[in-house]
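From first to last, the protein sequence lines are chains D and W.
The numbering used here puts the first residue of the first sequence at 8, with every later residue one more than the last.
The numbering used here puts the first residue of the second sequence at 8, with every later residue one more than the last.
In short, the hints are calculated from the structure, not lab data.
Certain hints may be false.
One copy or two, either will do: identical chains are not told apart, so a pair holds if it fits within one copy or between any two.
As the list claims (entries may be wrong) - Listed next, the in silico DSBU-like pairs over lysine-lysine satisfying Cα-Cα at most 30 Å (straight line):
1) Lys51 x Lys117
2) Lys117 x Lys142
3) Lys66 x Lys117
4) Lys12 x Lys110
5) Lys110 x Lys80
6) Lys126 x Lys140
7) Lys12 x Lys51
8) Lys12 x Lys73
9) Lys110 x Lys66
10) Lys66 x Lys126
11) Lys135 x Lys51
Protein chains: 2
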Amino acid sequence: MLLSKSCVYGLRAALYLSAKGPKSFTPIRSMSDNLEISFHFLTKILQQLTAEGILESYKGPNGGVKLTQPGEKVTLLDIVRAIDGEAMFTECALGLPGCGVMKPCPMHDKWAETRDGIKEMLETTTLKELSSKGKKLNLRITADGGFEWA
Amino acid sequence: MLLSKSCVYGLRAALYLSAKGPKSFTPIRSMSDNLEISFHFLTKILQQLTAEGILESYKGPNGGVKLTQPGEKVTLLDIVRAIDGEAMFTECALGLPGCGVMKPCPMHDKWAETRDGIKEMLETTTLKELSSKGKKLNLRITADGGFEWA
DNA sequence: TCTATTTAATATAAAATTGTATTAATTCTG
DNA sequence: CAGAATTAATACAATTTTATATTAAATAGA
């Protein structure tokens, strides 16, 4: 599995928020209901995104979370980095510490290239791009449902 | 992390066996010592590879494991498939069941392309290619050591 | 046949990830 | 100020992955 489950949940939530637009705060409860993700678990993941400055949160009535920047400015890489960390884009395929051009493992060259491909895909894809596509084509963002709440 | 730790251990062991050549059985104990992997854990991983027909094993004195086919014939994909399974090459990036061209998620197209890139890299790289390179250039296959036992 | 060597099988434990529950802190509304 | 709504923090539980330990089975060789 390329991305952890936490990361996948974070991506789905980020797409959700991008689809909702930047107007107001979205309560985590309605998000967890619509996305069919455990409320408390999602809360912890969103707290990470808040700590990283990707989301802004507000307590109390009419509170919730929202993207600090418009969805056009946020890439999938931003979300993945915030949750799964940078390691995925630097680590050796064979798990050897300090693997790099200076001290490579036999897989290094090929892996570095593949890894860069993954990174580039994530880096060049914005939340907005995907949430717009999802809304327009009524694609799925949950096992059985699309963007109807957006 | 793209590959599980088990899978990485399996890859390193497979490269080890490819470097040793097909002559005789290699005891798991010497492999686990040289690769600095827990003997029992490595044993279980190699049992999977044996069950998948990638390795052949033999009990008793002068026993051990060896590749059933020459290293030129075994790709990294064979090893990854045997240990981490096919899911990685078919699963949706957002974890949605049944995601595909007929019922895609917003990430489907981009992810499918990236995923195919990973798969192709694994599929076009043989054990032999990497173990030869490792031996020739004395690259690392453990945190601090290379192919000196080969 | 006995013993040492080795893989196979099973059981157990430790660690990491995922998920749930409880309480605290903040903020709006009346 | 009281109470409800909401995120934050903490603690706990379940599951999966990783790792270790024990015993069984097979085989070679003396």
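| query | Looking back at the numbered hints, which does the structure fail to meet, lowest number first? | reply | 3, 9 and 10
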